[in-house]
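Q: Below, each chain spelled out in residue letters.
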Amino acid sequence: MIEVEDLQVFYGEGRDRFHAVRDVSFRVEKGETYGLVGESGSGKSSVLNAIAGRHSDWTGTVRLAGAEVDPRRRNPADRQKVQIVFQDPFGAIHPKHTIGGTIAEPLAINRRQNRGETVDALLRQVGLPGRFRYRYPHQISGGQRQRVSIARALALQSPILLLDEPTSALDVSVQAEILNLLQDLRRDQGLTYLMVTHDIGVVGHMCDRIGVMKDGRIVEELTKAQLVRGETAHPFTRELLSESLLG
Amino acid sequence: MTDASQNPGRRGLRAWLVEEDVTSHRQAVAQGAYRGLVGLTSSPIAVIGLVIVILLVLAAAFAPWIATHDPYRQDLSRTLLPPSAANWMGTDDLGRDVWSRLVYGSRTTLYITMLVTVIVAPIGFLIGAVSGYVGGWLDTVLMRLTDIFLAFPSLVLALAFSAALGPGIGNAVLAIALTIWPPVARLARAETLTVRGSDYLASARLQGAGLGRVLWWHLVPICLPSIIVRLTLNMASVILTAAGLGFLGLGAQPPIAEWGAMAAAGRQYLIDAWWLTTFPGLAILLVSLAFNLLGDGLRDVLDPRSG
Amino acid sequence: MSDPILSVRNLRVTFPSLAGRIEAVRGVSFDIGNEKVGLIGESGSGKSLTGRSIMRLLPKAAHPVADRMRFDGKEILSLPEGEMRGMRGGEIAMILQDPKFSLNPIMSVGDQIAETCRIHLKLSKREARARTLHLLEQVHINDPARVYPLFPHEVSGGMGQRIMIAMMIVARPSLIIADEPTSALDVSVRGQILRILDELRAERPTGLLFITHDLNLVRRFCDRVLIMYSGRIVEELPASRLDEAEHPYTRGLLDAIPRLDRPRDRLATLQRDPRWITEEAGR
Ligand SMILES: Nc1ncnc2c1ncn2[C@@H]1O[C@H](COP(=O)(O)OP(=O)(O)OP(=O)(O)O)[C@@H](O)[C@H]1O
Ligand SMILES: Nc1ncnc2c1ncn2[C@@H]1O[C@H](COP(=O)(O)OP(=O)(O)OP(=O)(O)O)[C@@H](O)[C@H]1O
Ligand SMILES: [Mg+2]
Ligand SMILES: [Mg+2]
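Residue numbers (full-length UniProt numbering), protein chains in the order written: chain A, 1 to 247; chain B, 1 to 307; chain C, 1 to 283.
Looking at chain A on its own, in the form it has when it is part of the complex (with noise of 0.2 Å):
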């Protein structure tokens, strides 16, 4: 579903010129939870936002449901494969626009019919009551933001969902009711995630494998299994099995 191939991210011009990501490929299957983790500042949300086109300055091969897409110029094809929810529930939504219209909003941009019906539908998807629609964000807490912001990824029903530590900024009670959230809806609608996180707690919990960043590289690739068994190379990967394990 997707595919990356040499993936090489940039920032800045001339002198300035940095290479956040530096050959990066993986793949992962329809239907899978790829995780990407590693260190802060190591090239994860850079790995998505150029996959999403959020930042076109890369070179490399990335094939979304087997269509390659071009970094300069995206079609909207390509932009209905892939939705992208981020880290900070906070910054994520317009502060000024009701639930429905944030909800609304990809609808009105390609012109879907039937809007109001598709925001009731994606409320009720995420596990939000029908009258939310018409709250402002300050009305509601943090966990039912990034509900909302589900909500607004899932409403092109892309494929691809790309996830930028979607729980990192809530308290594990919330964090469990988003994470069951997102294990419903890749099993009810065969989705395919990329996710990003800190938590080894949640990456076992979520993905089937997992990439291990470090310096803009992808240094190790890991089965679920794996990781469980704490069979490891890496002696970051092992910096992170240890802070779970201890907990």
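These are computed hints drawn from the structure, not numbers from a lab. Even glycine gets a Cβ: it sits at the ideal position worked out from N, Cα and C. Among the hints, erroneous ones may be present.
To be verified - The calculated label-pair distances, taken between Cβ atoms and stated as ranges, are:
#1 A/R217 <-> B/A30: 54 to 64 Å
#2 A/E13 <-> B/A30: 48 to 58 Å
#3 C/W276 <-> B/G136: 46 to 56 Å
Fit chains B and C with the ligands to the given chain A structure using the hints.
A: Chains B and C with the ligands alone, transformed into the frame defined by chain A:
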């Protein structure tokens, strides 16, 4: 946890306006407006400003009923009469009733303020927001342009423009508008820069939103509050500039009733007929002050940073 | 425990609202000595408001009252604003929860740290710059010279938080309020940051109020834990005995953590009991 939940018996309009469970778009909007109104009216100073501005609007709307005389009818037998029961604020050198001219003058004042707002807000917003959002060379060009306008004192610039455009109220408004959009553009650009890197804009772009949609749906709600506050605070200086241009003969042309021009015409009779300059002067002062007070109040209500 | 550095009794924070008054913090009492106190609880339970009351950095509408809120012999809530300003970022420092919102979006991160240095240490522009680069290194940002001119939206989530921490180190405070300082950090950097906090504490007795929702972290890093629910402290216990917690809310939190060594198909979620809101803390 709230008092209302302890006595749920209350119903009616107020309950509809404050209840948590909003059930329609209309209610959400009404609640926002109500919250703003409550915030605004909690400051006595802002209420004074609001009341004066409302009075101005009422005076303009019902001028024919409020005025006691025809503001344009000259009566050379009754020139320069002091305030009396027949002419509450006296008469001018052509025998016109000052009170009635003052009432009709509120229409001119309102016309100027509305027109300036309608011209400046969109121009300033567009230039500022596009500049901040698109960035790059466009930003440089637009901001240099703004700087050029900002470099001149606004009264001098307004004078130059209205001299070039020729006298007349429309041209005066145009001249004033040309001098006050740059600060608004600056403001819109600053607001835009703070949200430019935000996740919700990124998300909209990824879903295919174009420049127009980003400007209208995302940036207008962000920039509008501060633009409104800024313009309201600027209204005082707009009114004064308009009065100044009127005073210099570049604004409203006789016989239109305009406060600045009225004050100017009265200055030859300053000693003999004080009412000719005093009442229009007071009106200008009062309305400028009111806009300033209202602007201060709006800033507290609309500006999230102060909350 | 010797004399506490901070002593809070019956802190309440209320907001006026259209439908009456909302009491967001409802009678919170605790002491902090030379120790690390964890404050956990769900989103909206009033953790940040409690921390911000100590700094007197509440939203304008908020109205805090307390029977006592004493820091260093001074009653914080009645201190004149001028004196409070000197204390903020001086003797009391706070790392805010949302680094990207707390930083000025149109000023480079380096300049912002340098400005703090110039205000607190009275350094010249040049010295402040050198000091800033050093500080960035101290919070383990590789390549400080590259990061210096970046704007807040150009740094990664974890960097933003470390930049806030660098600003705090400048002042050497005796009370640190850290509002979720590590939620965007990976384990290795988090370890480094916690070490920095420990180093700061080693130099002089320092109280640390550590607001977080990471139970594993609290268990290992803190000395004592306060658990907040809906504006009250519902439970208080030594961090090492977190697993013996009795309050159903705390138990629910513990059960909701996904763990590698106990894989599950679905995570347990909390069933909230309305009685928790009114119950007093069982100590
Ligand atoms: N817009 C930008 N301009 C310049 N540099 C950037 C920009 N965005 C990211 N970077 C740099 O790229 C590197 C990787 O950043 P990225 O956000 O991908 O890290 P991350 O792995 O997601 O880290 P975190 O876990 O802290 O979020 C960082 O060193 C960061 O400073
Ligand atoms: N400006 C405000 N006006 C009204 N209510 C507010 C305001 N700020 C905060 N509150 C309320 O106070 C309560 C406590 O907020 P606080 O920020 O302390 O939560 P928190 O425990 O830090 O949560 P989180 O884990 O999400 O940061 C919330 O329920 C919130 O609704
Ligand atoms: Mg990131
Ligand atoms: Mg908080």
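Q: Does each hint fit the structure? Answer for all of them.
A: For each hint, the structure was consulted:
1. A C-beta distance of roughly 55 Å is found between A/R217 and B/A30, which places it inside the suggested range of 54 to 64 Å.
2. For A/E13 and B/A30, the Cβ-Cβ distance of about 49 Å falls inside the hinted range of 48 to 58 Å, so the restraint holds.
3. A C-beta distance of roughly 54 Å is found between C/W276 and B/G136, which places it inside the suggested range of 46 to 56 Å.
When each numbered hint is compared with the structure, no violation occurs for any of them.
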